[in-house]
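Asks: Chains as they are written, first to last, in our numbering: chain A, 1 to 247; chain B, 1 to 214.
When the alpha-carbon atoms are kept at most 30 Å apart in a straight line, the in silico DSS-like pairs for lysine-lysine are as follows:
id: 1; chain 1: A; residue 1: Lys39; chain 2: A; residue 2: Lys81
id: 2; chain 1: A; residue 1: Lys172; chain 2: B; residue 2: Lys40
id: 3; chain 1: A; residue 1: Lys125; chain 2: A; residue 2: Lys193
id: 4; chain 1: A; residue 1: Lys199; chain 2: B; residue 2: Lys173
id: 5; chain 1: B; residue 1: Lys100; chain 2: A; residue 2: Lys122
id: 6; chain 1: B; residue 1: Lys173; chain 2: A; residue 2: Lys209
id: 7; chain 1: A; residue 1: Lys199; chain 2: B; residue 2: Lys165
id: 8; chain 1: B; residue 1: Lys209; chain 2: B; residue 2: Lys10
id: 9; chain 1: B; residue 1: Lys100; chain 2: A; residue 2: Lys161
id: 10; chain 1: A; residue 1: Lys247; chain 2: A; residue 2: Lys209
id: 11; chain 1: A; residue 1: Lys172; chain 2: B; residue 2: Lys165
id: 12; chain 1: B; residue 1: Lys100; chain 2: A; residue 2: Lys232
id: 13; chain 1: A; residue 1: Lys39; chain 2: B; residue 2: Lys100
id: 14; chain 1: A; residue 1: Lys34; chain 2: B; residue 2: Lys100
id: 15; chain 1: B; residue 1: Lys173; chain 2: A; residue 2: Lys172
id: 16; chain 1: A; residue 1: Lys105; chain 2: B; residue 2: Lys100
id: 17; chain 1: B; residue 1: Lys100; chain 2: A; residue 2: Lys77
id: 18; chain 1: A; residue 1: Lys199; chain 2: B; residue 2: Lys100
id: 19; chain 1: A; residue 1: Lys161; chain 2: B; residue 2: Lys40
id: 20; chain 1: A; residue 1: Lys161; chain 2: B; residue 2: Lys165
id: 21; chain 1: A; residue 1: Lys102; chain 2: B; residue 2: Lys100
id: 22; chain 1: B; residue 1: Lys165; chain 2: A; residue 2: Lys209
id: 23; chain 1: A; residue 1: Lys135; chain 2: B; residue 2: Lys100
id: 24; chain 1: A; residue 1: Lys199; chain 2: B; residue 2: Lys40
id: 25; chain 1: A; residue 1: Lys81; chain 2: B; residue 2: Lys100
id: 26; chain 1: A; residue 1: Lys39; chain 2: B; residue 2: Lys40
id: 27; chain 1: A; residue 1: Lys107; chain 2: B; residue 2: Lys100
id: 28; chain 1: A; residue 1: Lys103; chain 2: B; residue 2: Lys100
id: 29; chain 1: B; residue 1: Lys100; chain 2: A; residue 2: Lys172
id: 30; chain 1: A; residue 1: Lys135; chain 2: B; residue 2: Lys40
id: 31; chain 1: A; residue 1: Lys135; chain 2: A; residue 2: Lys199
id: 32; chain 1: B; residue 1: Lys40; chain 2: A; residue 2: Lys34
Just so you know, these hints were derived from the structure itself, not from any lab.
For reference, the chains in residue letters:
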Amino acid sequence: MSNKTDSNVYTVLFAIGMVVVVGALLAFTAASLKPTITKNVELEMQQNILYAMGVNENDESSANFVSTDVAPELFNKYITKQYVILNGDVTENDEAYLIDIKKEKAKGDASKRRLPLFVGEKDGKTYYIAPIRGKGLWDAVWAYIAMDENMVIQGAYFDHKGETPGLGANIKERYFMDDFIGEHLLDSQGNFKGVAVSKSNADPTNQDKTDNEVDAIAGATITGDGVAAMIKGDLSLYVPYFKNLNK
Amino acid sequence: MGLLSKKDAKLITDPLADNNPITIQVLGICSALAITAQLKASIVMSLSVLFVMGVGNVVISLIRNIIPSKIRIIVQLTVVAALVIIVDQVLKAYAYSLSKELSVFIGLIITNCIIMGRFEAFALGNGPWKSFLDGIGNALGYAVILVIVGFFRELLGSGTLLGFKVLGDPIEKTGLYAIGYENNGFMLLSPMALIVVGIIIWVQRSRNKDLIED
Chain A
1 MSNKTDSNVY TVLFAIGMVV VVGALLAFTA ASLKPTITKN VELEMQQNIL
51 YAMGVNENDE SSANFVSTDV APELFNKYIT KQYVILNGDV TENDEAYLID
101 IKKEKAKGDA SKRRLPLFVG EKDGKTYYIA PIRGKGLWDA VWAYIAMDEN
151 MVIQGAYFDH KGETPGLGAN IKERYFMDDF IGEHLLDSQG NFKGVAVSKS
201 NADPTNQDKT DNEVDAIAGA TITGDGVAAM IKGDLSLYVP YFKNLNK
Chain B
1 MGLLSKKDAK LITDPLADNN PITIQVLGIC SALAITAQLK ASIVMSLSVL
51 FVMGVGNVVI SLIRNIIPSK IRIIVQLTVV AALVIIVDQV LKAYAYSLSK
101 ELSVFIGLII TNCIIMGRFE AFALGNGPWK SFLDGIGNAL GYAVILVIVG
151 FFRELLGSGT LLGFKVLGDP IEKTGLYAIG YENNGFMLLS PMALIVVGII
201 IWVQRSRNKD LIED
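With the hints as constraints, model all of the structure from the sequences given.
Replies: Structure (structure tokens):
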């Protein structure tokens with residue numbers, strides 16, 4: 001190293017120069033890619049909603065979305081109504097799928113929360129799809145749950161931000177998601193109970209659909225508890241809507 | 001390798017075995033423990049590190065004569081962080097599903113001590129071409145260990161490889177499971193990665209006695 005690069009003035013100037021160059025580079029990258037990234041996120045929401053109501057390209061064991069090219073078209077075809085429920089008032093809103101559940105949850109007070117609900121029609125069957133969000137072990141977990149009018153789960157898509165690969169991250173595997181299909185959210189008296197992720201239900205192949213339990217993933221206790229808490233906490237907010245529906 | 005002189009070729013082949021960053025220099029252990037529960041995650045992490053190491057080493061080497069020595073570590077960190085953020089953003093825009101797959105690993109690259117180690121030990125004192133080869137070599141050395149560890153942890157822990165059920169179905173009791181075999185859940189936990197790495201070090205040193213320190 002020469003003496004020149006050791007001086008304090010040079011060091012400070014270099015640091016400033018570096019920050020400006022790197023900052024500009026990153027700002028340019030972020031700004032120029034932002035529209036594409038936002039578009040991807042929107043398409044993904046549509047894919048998630050469609051996945052939950054069974055519009056997907058699943059093979060025997062892996063979960064596959066419909067491709068992004070056809071997602072908007074299929075979304076318009078299958079999703080007949082989009083609602084926003086605010087403190088019991090149901091209004092139609094064609095951009096309900098863009099509602100950020102994270103922001104809505106941050107409001108704390110459930111009466112101020114906008115709850116999106118999507119109504120889908122497929123093969124003569126009506127699906128009610130609700131997006132929910134909660135906490136796993138490391139970071140957020142979220143899901144799209146499709147139900148029928150009696151709050152029996154018809155399909156589920158789970159996702160997460162940073163759960164452990166091989167353990168908690170397996171909530172987005174078919175064997176876990178498919179376990180929820182057919183599960184009742186209400187108990188036999190019609191009270192909301194949710195679906196617990198249980199380690200002791202002695203029903204690993206999930207034959208009993210009315211026990212309000214699915215089999216847990218070994219080694220992913222906290223993620224599983226997070227999933228159960230999310231279902232219980234967020235889906236319970238939709239109960240009044242379904243009660244009204246069946247009057 | 002007709003393209004490379006003998007000396008240059010050694011820059012690539014050395015880190016693969018006798019100077020492996022994980023088993024000999026014991027760098028990059030943290031990520032080797034954290035993300036090797038599945039083979040796929042190991043491969044993806046290896047590729048990400050390969051890119052960042054190759055490019056980062058060249059960048060550091062190019063500016064090595066103008067970096068003030070007092071803040072060289074900060075400069076190195078800035079280069080890694082900037083590269084990682086760019087990779088992350090580009091993936092999010094053009095390979096969204098892949099970027100979701102990688103999620104946390106991209107950020108974790110910044111903390112990989114092999115990268116900082118090679119910047120400091122090699123790129124600061126060598127030209128761009130040599131630094132590039134050194135970066136690629138060390139990233140491959142890292143990848144070899146990651147893939148071996150990921151292979152055994154996924155196979156013994158989940159009974160799958162890249163998600164395929166190679167040993168049969170544990171719930172329906174087919175294949176190996178029909179005769180009473182069970183997955184070893186321990187293999188999915190981080191400490192078992194340490195033991196697998198330990199076994200690799202043992203095998204390597206018993207085959208090449210020169211590596212044993214007194």
